[in-house]
Amino acid sequence: MLLLGESGAGKSTFLHALAGVVGDDEGETEGSLLVAGEHPAAHRGRTGLVIQDPDSQVILERVGDDVAFGCENLGVPRDEIWIRVRDSLASVGLEVALDRNTSALSGGQKQRLALAGVLAMRPGLIVLDEPTANLDPAGVTEVRDAVIRVAEATGATIVVVEHRVSVWSDVVDRIVVLAAGGGVIADGAPADVLARQGKELAARGVWIPQFPPPRPVRAVRGPQHALLSAQQLTVGRGKEALGAPLDLQIMSSHALAITGPNGAGKSTLALTLGGLLSSVSGAVVASPALANGAGEHPIRWKSRELLTRIGTVFQDPEHQLLTSTVRAELEVGPRALKLPESEVDARVDELLTRLRLDRLADANPFTLSGGEKRRLSVATALATRPQVLVLDEPTFGQDSRTWSELLALLARLVDDGSSVIAVSHDLDFVDALADSTVVLE
Amino acid sequence: MIPIASVNPVAKLGAGLLVSLFLLATIDWVSATTALVLELAIIAFFGIEPKRFWLRTLPVWVAAPLTALTILLYGRYDGTVYFEFLLIRISDGSIELALATFLRVLAIGLPAVVLFISIDPTDFADGLAQRLRLPDRFVVGALAAVRMVGLFLEDWRSLELARRARGVADRGRLRRIAGQGFALLVLSIRRGSKLSIAMEARGFGGDTTRTWARESPWGRAEWLTLLVGLLIGITATVVAVLTGSWNLIVG
Amino acid sequence: MTTTAPSSSTSTPTKPGSRFQWRVIDIVVASVIGVASGLIFVVWNVASTPALAPFAALLPGLQAVGGGFWLFAGVLTALVIRKPGAAIYGEMVAASVSALIGNQWGVLTLVSGFTQGIGAEIVFAAFLYANWRVSGAILAGAGAGLAMAITDLLLWYPGSALPFIIIYTIAAIVGGMLIAGLLSWLATRGIAATGALNRFGAGREIAKRV
Chain W
-14 MLLLGESGAG KSTFLHALAG VVGDDEGETE GSLLVAGEHP AAHRGRTGLV
36 IQDPDSQVIL ERVGDDVAFG CENLGVPRDE IWIRVRDSLA SVGLEVALDR
86 NTSALSGGQK QRLALAGVLA MRPGLIVLDE PTANLDPAGV TEVRDAVIRV
136 AEATGATIVV VEHRVSVWSD VVDRIVVLAA GGGVIADGAP ADVLARQGKE
186 LAARGVWIPQ FPPPRPVRAV RGPQHALLSA QQLTVGRGKE ALGAPLDLQI
236 MSSHALAITG PNGAGKSTLA LTLGGLLSSV SGAVVASPAL ANGAGEHPIR
286 WKSRELLTRI GTVFQDPEHQ LLTSTVRAEL EVGPRALKLP ESEVDARVDE
336 LLTRLRLDRL ADANPFTLSG GEKRRLSVAT ALATRPQVLV LDEPTFGQDS
386 RTWSELLALL ARLVDDGSSV IAVSHDLDFV DALADSTVVL E
Chain V
2 MIPIASVNPV AKLGAGLLVS LFLLATIDWV SATTALVLEL AIIAFFGIEP
52 KRFWLRTLPV WVAAPLTALT ILLYGRYDGT VYFEFLLIRI SDGSIELALA
102 TFLRVLAIGL PAVVLFISID PTDFADGLAQ RLRLPDRFVV GALAAVRMVG
152 LFLEDWRSLE LARRARGVAD RGRLRRIAGQ GFALLVLSIR RGSKLSIAME
202 ARGFGGDTTR TWARESPWGR AEWLTLLVGL LIGITATVVA VLTGSWNLIV
252 G
Chain P
779 MTTTAPSSST STPTKPGSRF QWRVIDIVVA SVIGVASGLI FVVWNVASTP
829 ALAPFAALLP GLQAVGGGFW LFAGVLTALV IRKPGAAIYG EMVAASVSAL
879 IGNQWGVLTL VSGFTQGIGA EIVFAAFLYA NWRVSGAILA GAGAGLAMAI
929 TDLLLWYPGS ALPFIIIYTI AAIVGGMLIA GLLSWLATRG IAATGALNRF
979 GAGREIAKRV
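Residue numbers (the working numbering), protein chains in the order written: chain W, -14 to 426; chain V, 2 to 252; chain P, 779 to 988.
By construction, these hints were calculated from the structure, which means they are not laboratory data.
C-beta: ideal position from N, C-alpha, C; glycine also.
Please note: incorrect hints may appear among the correct ones.
[Claimed, not checked] Heads up, incomplete: computed chain V residues facing chain P, CB under 8 Å, no partners named: (1) Leu18; (2) Ser21; (3) Ile28; (4) Tyr78; (5) Gly80; (6) Thr102; (7) Arg138; (8) Met149; (9) Phe183; (10) Leu185; (11) Gly193; (12) Ser197; (13) Glu201; (14) Gly206.
Using the sequences and the hints, build the whole thing.
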């Protein structure tokens, strides 16, 4: 069964309630929820839950121990535990050593590990909360196939919440749509529900294959000139290089996409181009037009000198937050540039309106929703009007509404003469925006 | 070679504490030297790579003379006073105490650090819960949190780069580090809340008595480790008492 | 699917759940705070010697002021979790991480962690776990500072003269009040404002005020 609904309709809460992990003292509960005729908390362990963030649900350090964790809590005898551990790992197709370090696994592997941990508890009901939202395309397929195998092998009921309907619509028996204010809008066979509710859902940010989000119309652009270049560049987090040397030319009025599998060094390359990380060999060189008196190597620029030249938007917006209100957050950059007060205000106000954040101006940035945080992190970079904008997985986990807003915004930046570099494994996004693409192996 | 790495961490912890217990009671150079010699003789057979040994114990080698210096300058005085300036008073007494302090810090610190070099968090937690019978919910909770250290370090690196990208990394290093520390706390609490949901969904914290997938071994090697710790402590004390230098710290 | 939803609207049975009982989220978040604090300890283990040298030169024993950075874990954990034992637990987890990563005190870090945690815990207990205001935090910091002074003087400076003992103790208490007490209280308020503590008493209090 696939559970749909716009952000804030309470899908996750419902799943957590099913799994019996909503505290009694938290929020208001109305109506009753019975799993196999009992209060869900009594069934903890009979209902398995897999959540969105792969990193936050790995519990122990070794693969075998992590799968065994649930069994231990249920009081399963030791010999029985290890039989279940091996069975479960085989069911999800995770054939790694039992003492393998869990932090060395890829995102897709971690999600399958979580599924194996749930499976070892022999649940009758498995609930999955956006299990593929944080994964690359290969990881998405891995996890989905594992879930299908598990469903067939165990006969367990499976409930999935997901924004991207296409991943699951062919394999589920039933789709339920929740309303934002509470209640169920639709409940039925996938084809039926999508035909009746598809358009409405798409407008509310759910990804429906038949109703793709709008893509921007690209304007005719002016002449291009080089901003950054790199010859025989290799990048890495230490002295070891990730991947083969690259030659790159970053042009104005041009959108460059960087794609490739997890671990290929996409993010590291983005940070290096952003003037934040030193390269392992070769160098990123700024053209005189971009450097504008600041020296030719961005990595040696002062932090303040980067602002008007290269802006970087991190994968996790929370890493970039500095202040306690949205407005103050946007003021940081312009203030660092020592712009006059009136100019700071003008820029901040303009961005607040343009990115639909005006109503949140006084909110604490950490309390925003995922989509709002993403818009804010892009806005903070735009506040200083950099000529090059580097973005790391900007569409990660976003609903289709934020997705198409971001796309429109970036397309306009490029049309207006900026250069946009985006690391992404979202192929639709790359297809809609990129003028050229670099694929890392 | 003594295969110390495979000994139950709880036994190592116990041995380290036993040695310390005896040395803590006294401040004299005889007991500290006796213990130190015995310890070094045993540590030599642990087969620790020399580079690793020096790197891990370096803080102890630095701390010992510094602590001794403090005692030399501000220790209790006795006998001839050689130098006096404000609170500083170097005397026969403080020289002797400083020497004893130097050896004592080494004798307490070296085994404490060396025994902790090879401890694996999972084995440690198994030992604490299964052998010492500490409350398992807390031990397992702490173990799960320890696994997040790697994530926190990655977060820290990203926080650092992000500050450069935001244009605020040129000045105010101290304030920036404080800000990053705060952001790290927020991120870690967020991760912790998610982790607790994942753990609870797997039956953690329920009423069922927990079983353990891994056994925490306890046998002859563990008793022997404790015994060695005890013997070093006793030998040091006996030698000091016999030579008349044993000196209870209180008084 | 085995889930059924009866139409009648009844409230889910609510466990009274004592104010003093630890939920899973309390344990896990306390552990996480302990671990993150432990990492800060490790940084301070290395940085403290050069950073505090000028203090020691200015007035012997004054270096104990900086000890506050080894005391905040317990106070902070208690302020966030608000359960009996939180101060001891948070300080112990932080000390364990510090010892496991490796420092100059090894196993004895756990002893220090334990006594310092108790120092803060006693103060919170004396207020019957009901004072989470800035006054309680500062007093708990002072308690931790006093405990640290006693432990350090017995463990490492048993030969010291009286003036050193007095200065060391006062400095430790002041450091505990400012760094472990006041700073932890400010941090808790800041963290609550980010919404990260919505499932805790400390977070709900802030939410109500806004």
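Under the criterion of a CB-CB separation shorter than 8 Å, is V/Glu201 in contact with chain P as hinted? holds, 5 Å
Hint check: is the beta carbon of V/Ser21 less than 8 Å from a beta carbon of chain P? holds, 6 Å
Satisfaction of the V/Gly80 interface hint, Cβ to chain P closer than 8 Å: violated, 14 Å
Taking 8 Å as the limit, does the beta-carbon of V/Met149 come near enough to a beta-carbon in chain P? holds, 6 Å
Holds or violated: V/Ile28 as interface residue toward chain P, Cβ cutoff 8 Å? holds, 5 Å
Hint check: 8 Å Cβ-Cβ cutoff, V/Leu18 to chain P: holds, 6 Å
Should the hint that V/Ser197 touches chain P count as held when the rule is a Cβ pair under 8 Å? Holds: closest Cβ of chain P sits about 4 Å from V/Ser197, inside 8 Å.
Holds or violated: V/Tyr78 as interface residue toward chain P, Cβ cutoff 8 Å? holds, 7 Å
For the restraint on V/Phe183, tell me whether the closest CB of chain P is nearer than 8 Å. Because about 6 Å separates V/Phe183 from the closest Cβ in chain P, which is inside the 8 Å limit, the hint holds.
When the least beta-carbon distance from V/Arg138 to chain P is tested against 8 Å, hint result: holds, 6 Å
Should the hint that V/Leu185 touches chain P count as held when the rule is a Cβ pair under 8 Å? Holds: closest Cβ of chain P sits about 6 Å from V/Leu185, inside 8 Å.
Given V/Thr102 as an interface hint, is the shortest Cβ-Cβ distance to chain P below 8 Å? Holds, because the Cβ-Cβ distance from V/Thr102 to chain P comes to roughly 6 Å (cut-off 8 Å).
Of the numbered hints listed earlier, the single one contradicted by the structure is hint 5.
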